[in-house]
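For reference, the chains in residue letters:
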Amino acid sequence: MTYTTAIFYFFAAILVFAGLRVITARNPVHAALFLVLAFFTAAGLWILLEAEFLAITLVLVYVGAVMVLFLFVVMMLDINLDKLREGFWDYLPIAGFVSVLLMIEMALILGSRHFGLDVMATPEAHPADYSNTKELGRLLYTDYIYAFELAAVILLVAIVAAIALTLRRRKDSKYINPAEQVKVKRNDRLRIIKMKATQKPGAGEGGA
Amino acid sequence: MESVGMDWTAIQTVVWTLIKIMALVMPLMLGVAYLTYAERKIIGWMQVRIGPNRVGFLGLLQPIADGLKLLMKEIIIPAGANRGLFILGPILVIAPALAAWAVIPFTDTLVLANINAGLLYVMAITSMGVYGVIIAGWASNSKYAFLGAMRSAAQIVSYEIAMGFALVGVLMAAQSLNLIDIVQGQSGGLHQWYIWPLFPLFVVYLIAGVAEINRAPFDVAEGESEIVAGFHVEYSGMAFAVFFLAEYANMILVATLTSLLFLGGWQSPVPFLPDSIVWLFFKIGFVLFLFLWFRATFPRYRYDQIMRLGWKVFIPITIAWIVVVGGMMQTPYGYLFH
Chain A
3 MTYTTAIFYF
13 FAAILVFAGL
23 RVITARNPVH
33 AALFLVLAFF
43 TAAGLWILLE
53 AEFLAITLVL
63 VYVGAVMVLF
73 LFVVMMLDIN
83 LDKLREGFWD
93 YLPIAGFVSV
103 LLMIEMALIL
113 GSRHFGLDVM
123 ATPEAHPADY
133 SNTKELGRLL
143 YTDYIYAFEL
153 AAVILLVAIV
163 AAIALTLRRR
173 KDSKYINPAE
183 QVKVKRNDRL
193 RIIKMKATQK
203 PGAGEGGA
Chain B
5 MESVGMDWTA
15 IQTVVWTLIK
25 IMALVMPLML
35 GVAYLTYAER
45 KIIGWMQVRI
55 GPNRVGFLGL
65 LQPIADGLKL
75 LMKEIIIPAG
85 ANRGLFILGP
95 ILVIAPALAA
105 WAVIPFTDTL
115 VLANINAGLL
125 YVMAITSMGV
135 YGVIIAGWAS
145 NSKYAFLGAM
155 RSAAQIVSYE
165 IAMGFALVGV
175 LMAAQSLNLI
185 DIVQGQSGGL
195 HQWYIWPLFP
205 LFVVYLIAGV
215 AEINRAPFDV
225 AEGESEIVAG
235 FHVEYSGMAF
245 AVFFLAEYAN
255 MILVATLTSL
265 LFLGGWQSPV
275 PFLPDSIVWL
285 FFKIGFVLFL
295 FLWFRATFPR
305 YRYDQIMRLG
315 WKVFIPITIA
325 WIVVVGGMMQ
335 TPYGYLFH
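Line by line, the protein sequences are chains A and B.
For the first sequence, the residue numbers in the numbering used here are 3 to 210.
For the second sequence, the residue numbers in the numbering used here are 5 to 342.
The shape of chain A in the complex, shown without the other chains (with noise of 0.2 Å):
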C-alpha cells in the first residue's frame, strides 16, 4: 500500500463515518458540524484527484460560507427532535425508491464495464507547475462559455428573485439615512445664545 492509497482510506473512512453521524446524531448542531467534517474530507480527496482548484473552493464556499449559515439557522431555530422523527416510517417508502434510484444511477455511471481501467486509462499525474486553475478558467470561457454565462444568468435571477421575495418596507418603524448623517454639520444642531451672566463674576454658590 502506498502512502497514497493510506491517505485516501484515511480519508474515506472519516468521510463515511462523518456522513453517516450526519443522519443519526441527535443534535442538529452535531450533524451540521459532521457535514462540515464531511465536506471537508471530500475535499482532501479532491485534492488525491490534483484538482486542487475544486477542492479549494469546496472548502471556500460550503465549509467557509455555506455551512456557516446553516449553523447559524440549526442554531437560532427551536427544533424539536421527537416530532420531526413522528413520520419516520410514513416517509419510508418514498425515502426508499428515492435510495434506489440514487443506486442505480450510480451503478450506470461507475460501472466497471464502461469506466474500468480497460476502457478509460489512468489519468496521468501532471507536473509540479501544471495548474488545473488556469486551465479550468480556460475551459469555462472558450468551449462552455454559453453554459457559463446560462448558469451566471440564472444565478442572478435567483439572487434578484430572493431580495425581492424579502423586501418589504414597513412604515411603522424607523429608517436612518446615512447620508443625512454624514452631512450634518454643527449649526444645523447645536446653537450658540449669547446671554448675559445671571451672577455676578466672583459671587458665586458659596465661592469656590
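Just so you know, the hints here were simulated from the structure itself, not pulled from any lab data.
Hints are supplied without guarantee of correctness; some may be wrong.
[What the hints assert, rightly or not] Straight-line distance between alpha carbons at most 30 Å, and here's what the computed DSBU-like set of lysine-lysine pairs gives: (1) B/K316 / A/K176; (2) B/K77 / B/K147; (3) A/K187 / B/K316; (4) A/K85 / B/K147; (5) A/K173 / B/K77; (6) A/K185 / A/K202; (7) B/K73 / B/K147; (8) A/K173 / A/K187; (9) A/K202 / A/K187; (10) B/K147 / A/K176; (11) A/K185 / B/K316; (12) A/K196 / A/K185.
Starting from the known structure of chain A, arrange chain B on it as the hints suggest.
Only chain B this time, still in chain A's reference frame:
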C-alpha cells in the same frame, strides 16, 4: 529492502517538515507575545500613559509573566456547557490561524510549501476560523457568548466577500495565485507595488482584514460594554489564552498578507538597495502599527453600520474596481495594471 529505504525517506521528510513547522511557529508565537507588549506600550503612549514597565527591563518580561499566569489558572467548564465542543472551540480557532502560515513566503526561496493556489488556500483556511468562534459561543450555553458568536458569524461571512473580491483584483494584476509570483510581479521599486493600481482594493482589504480578525473598531463579537466579552466570556486560563493567541496570530497574518499582496513583500522600495526579508518585516510592522493605531483612535462601530459598510460600500467598490482593472487591461494603458 527497497520498501524499507522508502519508509526511511518518508520518516525523514516528516521529521524535517515538523522541524520546519516548529521553526515557523516558534518565532510566530514569540511575535504574538511581543505584539501584545507593543500594543499595550503604543496605546499607552497614545493615551499619555507609560504602559507595562514593572516586569523586567522596561516591562519587557510582561508577556512572559502574563502567559505563565494564564497557564497556572484553572480551565473552568460551565455546568450546562457542551463539553466536547467547548474544548473544540479554541482548537478550531487556533488551527486555521497557524495552518494558513504554511504557504506564506518570506523570500523567493524561504517558504514552507510553495503551492500554485496559495492565495486560494489562505482564503479557504482563514474562512474556517469562524467555526471556532461559533462553536465556542454555542457550546458555552450562555446568552452573551451566543450573541457574540452570532454577531461574529454574520460579520465574518459578510467581510469575507469584500476581502475575496479585493484579492480577485490582486490575482488579476499578478495573473497568478502563487504568492511568490504575486510578489515577484511587483519587482522594480516602490512605483511597481500593487497598492497604486489597486488602491481602492488595498483600502477595502485592510479594513475588511481588521473586521475579519474582530479587532477594534469592528470588535462587536466581544463588545465588552454590551455583551461582556462575547463568545469567550465563559473561557478561562489557557483556553482563553488560545483565543487570544489566535487573534494576534491572525493579526500578524493579515498584516503579512497585506505586505505581500499590496506592498511588494520582500522587494526593496528603491532599486539601489537589495531585496531582503528585513523589508518584509518592516512592512508587516508598519501594518501592525496601523491596527494598533486604529484601536486607539476609533470608537466601536454600531452593528447595523458594520453590515451597511460591508455590503453596501465595500462590495460595490471592489466589484466596480475589478471591472475597471479588467477593462483597462484591454486598453494600451493595461501595463499600468501589469
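message = Against the 30 Å threshold, does the CA-CA distance of B/K316 and A/K176 hold or violate the hint?
response = holds (19 Å)
query = Are the Cα positions of B/K77 and B/K147 separated by 30 Å at most?
reply = Holds, at roughly 24 Å.
inquiry  = Check whether the Cα positions of A/K173 and B/K77 lie no farther apart than 30 Å.
reply    = Not OK: A/K173 and B/K77 at ~53 Å, beyond 30 Å, violated.
request  = Below or equal to 30 Å on CA atoms is what counts here, so check B/K147 against A/K176.
outcome  = Measuring from Cα to Cα gives roughly 27 Å; hence the hint holds.
inquiry  = Against the 30 Å threshold, does the CA-CA distance of A/K85 and B/K147 hold or violate the hint?
reply    = Judged against 30 Å, a Cα distance of about 26 Å means the pair holds.
message = Tell me if the straight-line CA distance from A/K185 to A/K202 falls inside 30 Å.
response = violated (40 Å)
request  = Would you mind confirming whether the straight-line C-alpha gap from A/K185 to B/K316 stays at or under 30 Å?
outcome  = holds (18 Å)
ask   = Holds or violated: A/K173 with A/K187, Cα cutoff 30 Å?
value = The hint holds at about 28 Å.
query = Taking 30 Å as the top limit, are the C-alpha atoms of A/K202 and A/K187 close enough?
reply = Given that 30 Å is the threshold and the Cα spacing comes to 34 Å, the pair is violated.
query = Is the hinted pair A/K187 and B/K316 satisfied, with a Cα-Cα distance of at most 30 Å?
reply = The hint holds at about 24 Å.
query = Taking 30 Å as the top limit, are the C-alpha atoms of A/K196 and A/K185 close enough?
reply = Since the Cα atoms of A/K196 and A/K185 sit roughly 26 Å apart, the hinted pair holds (cutoff 30 Å).
Pair hint outcome, B/K73 versus B/K147 [Cα-Cα no greater than 30 Å] = holds (28 Å)
In terms of the numbered hints stated before, the structure departs from hints 5, 6 and 9, listed from lowest to highest.
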